[in-house]
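> Order-wise, the sequence lines are chains A and B. According to this note's numbering, the first sequence is numbered sequentially starting from 1. According to this note's numbering, the second sequence is numbered sequentially starting from 1001.
Honestly, the hints are just simulated from the structure, not real lab data. Even for Gly, the Cβ is constructed at its ideal location relative to N, Cα and C. Don't take each hint at face value.
What the hints assert, rightly or not - Straight-line distance between alpha carbons at most 30 Å, and here's what the computed DSSO-like set of lysine-lysine pairs gives:
1) K301(A) <-> K153(A)
2) K301(A) <-> K228(A)
3) K1213(B) <-> K213(A)
4) K371(A) <-> K296(A)
5) K1213(B) <-> K153(A)
6) K123(A) <-> K1074(B)
Said to hold, decoys possible - Between beta-carbon pairs, the in silico distance windows are:
7) N277(A) <-> E1152(B): 44 to 54 Å
8) K212(A) <-> I1184(B): 56 to 66 Å
9) L1055(B) <-> I247(A): 44 to 54 Å
10) E1152(B) <-> I311(A): 47 to 57 Å
11) E1214(B) <-> N277(A): 23 to 33 Å
12) N277(A) <-> G1227(B): 55 to 65 Å
13) K1246(B) <-> D250(A): 51 to 61 Å
14) A1174(B) <-> Y225(A): 35 to 45 Å
15) S254(A) <-> H1233(B): 45 to 55 Å
16) D273(A) <-> S1079(B): 29 to 39 Å
17) S1079(B) <-> V107(A): 56 to 66 Å
18) I248(A) <-> A1237(B): 49 to 59 Å
Stated by the list, open to error - Facing chain A, a subset of chain B residues (Cβ under 7 Å, in silico):
19) Y1056
20) L1064
21) G1066
22) C1073
23) V1075
24) I1082
25) R1133
26) L1135
27) E1141
28) A1143
29) Y1158
30) N1161
31) L1194
32) S1195
33) E1276
Protein chains: 2
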Amino acid sequence: MPPVTSDAQGKRTPPRGITRGKPGPPRQSQAREGGAQTGQGRPPGAWHPATMCELYSKQDTLALRGKHIGPSCKVFFASDPIKIVRAQRQYMFDENGEQYLDCINNVAHVGHCHPEVVKAALKQMELLNTNSRFLHDNIVEYAKRLSATLPEKLSVCYFTNSGSEANDLALRLAQQFTGHQDVITLDHAYHGHLSSLIEISPYKFLKGKDVKKEFVHVAPTPDTYRGKYREDHEDPARAYADEVKKIIEDAQSSGRMYAGNPVSCAVGLAVLDVIENEDLQENATRVGNFLTELLKKQKAKHTLIGDIRGIGLFIGIDLVKDHQKRTPATAEAQHIIYKMKEKRVLLSADGPHRNVLKIKPPMCFTEEDAKFMVHQLDGILTVLEEATGTKTESVTSENTPCETKMLKEAHVELLRDSTTNSKENPSRKRNGMYTDTHSLLSKRLKT
Amino acid sequence: MPPVTSDAQGKRTPPRGITRGKPGPPRQSQAREGGAQTGQGRPPGAWHPATMCELYSKQDTLALRGKHIGPSCKVFFASDPIKIVRAQRQYMFDENGEQYLDCINNVAHVGHCHPEVVKAALKQMELLNTNSRFLHDNIVEYAKRLSATLPEKLSVCYFTNSGSEANDLALRLAQQFTGHQDVITLDHAYHGHLSSLIEISPYKFLKGKDVKKEFVHVAPTPDTYRGKYREDHEDPARAYADEVKKIIEDAQSSGRMYAGNPVSCAVGLAVLDVIENEDLQENATRVGNFLTELLKKQKAKHTLIGDIRGIGLFIGIDLVKDHQKRTPATAEAQHIIYKMKEKRVLLSADGPHRNVLKIKPPMCFTEEDAKFMVHQLDGILTVLEEATGTKTESVTSENTPCETKMLKEAHVELLRDSTTNSKENPSRKRNGMYTDTHSLLSKRLKT
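Excised from the complex, chain A in its bound form (with noise of 0.2 Å):
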């Protein structure tokens, strides 16, 4: 079995029982490691993966996926998928040992694969997982120390299996208390995949077959960019606020059990202590404020990105084909997101339009990451607009984005077709990565 052991300088030594490939030659990447690792303690890819066994060759694991597993569960980059066979902090490794910067899983919150988080997973799974009708130590105190972190009224858990669990737990508790069915949801919102959360998901009725149950409400989405009321008008927030209030007014005239199991208490408390020892909520803060203020930067050279908003790592970059009319680049933000995988960067593209580029990181993503991340994003943008004739020099303040110079029918001619193809599936619209609108945009770009 291969442990995980430290040194005195916590330094990761690898598990035995793989196989240790010689260094490879010195890559970009290793630069931005070493940045990484400042006051983290922490190498990631210390070892190398090229020579790590895989059970199947890429092409098959792609087969078998086509035979075995349900065609709704989707996989990232659907024209031309990754397989990842390792991963650290954050950065994930392809099966030939290429190295990715990942933005998109906030799920690996601490970063992947964290020996610490491991290390107590590994301990209580060789003493003890079982469901939570027995007494145990780690959900109680794993709940308390949640509840220590929110405001003292909420101080009762209820661990489930799922974010989708929990919203369905969520609705219970709701209608059981108040004694009503009716839900109020934002427009375009994902809730879960529960048949109760699908009910109260917009972007599901709205665009499939479902249709939208009478006890179930859409308010607008409070998007001062492109949405309803905008940063233009008076008081948006009171306008957005005052569409809920009237929905209210029109409605009124008319149990988990394996969850909370020792093991996942004992992962949750050692990524409380993880957050807490290496300061990642002030790392998120402080590295989200440098990646938006790079990004600001970017949206004054290039006139494809229409706003960037967003708190801490979690960050969005709103591409828009106009920036007077704020039409979204959904098709850009597909040729994008597969251009930044080429460059080693994870991304999606989300939102109704799913033409915001959604960055949201492990929490110990560092400002190397971010310069990385902006400097391909920057050479990605550039021979966008080079390409499309778009190209533009500061020509937008930040504070005035409709200010552009962008040269609107060369553009809009070269992605017509694609846009319109974008707009064939709507089941596919979550999430943005598994159009194939982006091989036709290649094609055309040749990039």
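Model the placement of chain B on the given structure of chain A, informed by the hints.
Just chain B, lined up with the frame of chain A:
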């Protein structure tokens, strides 16, 4: 980090990180453990847990649970809960090192904390754990191996986070495929804890506040012991099938993402390996048949046992107050599971009347365990029957359950209060470990 290591004999050495106490005095359980090793190469309880540090005393754990965990998350043996700190194979250990024979946790399918399963989890956790949107060998290999155990037509897998999520998805697939919403469900059925499943779980909507939805149709449970059509019916199978047919005729006239991650698939593959390598299916058949035979002898001896039924190691012991009327012995079942707990055997009571002792242990359960369990049950039933004046000596043959000589009046009198009491809280009906009828009965019996 405490690794799991194996010597040539496959003997497990304890994790280094945990204090190893001196071996305790020989206990009865040691003999059983010896018997349990045959052909398995994995001695349980190799180190003594009494010296392991607890974070909180049992009382503090209980108090914190009351404060921070939602009350709908019930504990086993509510009036006297157990704190379990460690488990191996079919044994669980409390904070004092007391060993319990586990007859209820079939989720720990190949035995608690199986070192091969732990090893597989650790190996994968150190490498990569992420969602199923990247290509990975584990998900396709696990799907392939699961499919190989199923009929050829069943070759496509959807991985979910829980049995409830699986049932919700199955419902959606069926409704999508048929274009109909109607569902036929068996009376008393429990299908999961999600909104969509509570709707089709009669145990919930018949007993609680929820009302049956129009699209839900309830068919009688095909129970030939206490159901609508019994073993004296000329063709009970057809009779139950006809009920379903009639419902169909009446009705006609009127996707998941983090599940299937590399770690859970590695664990699943290790479980399949252990089942094969340790021949656990054969074990379940052999030990299950052995246990059923032992229990049938108990049925001949104890008038409280009305029926023994089940397949393999999933066995029910139907307790009755009256063989002819088959009156459920609900309070007795509660009493027995608490008494079995005192004898260090974990059992539960289930069924619409909570009078069926339910056995569903890990699959590594041995003949020694079966003997021990039946021996304890025999002792408890003997004392119970003596105390209530219902002692019988082989008065009922296995096939003539109606010839009881039970002293009905005394028995009924004694248990009247507890039975009434057990009806008070319908929400506690499931899994039968939550009522306090035990203490009332215990006081009377003073056993």
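> Taking the numbered hints from earlier one at a time, note which ones the structure violates and give those numbers from smallest to largest.
1, 5, 8, 11, 13, 17, 21 and 33
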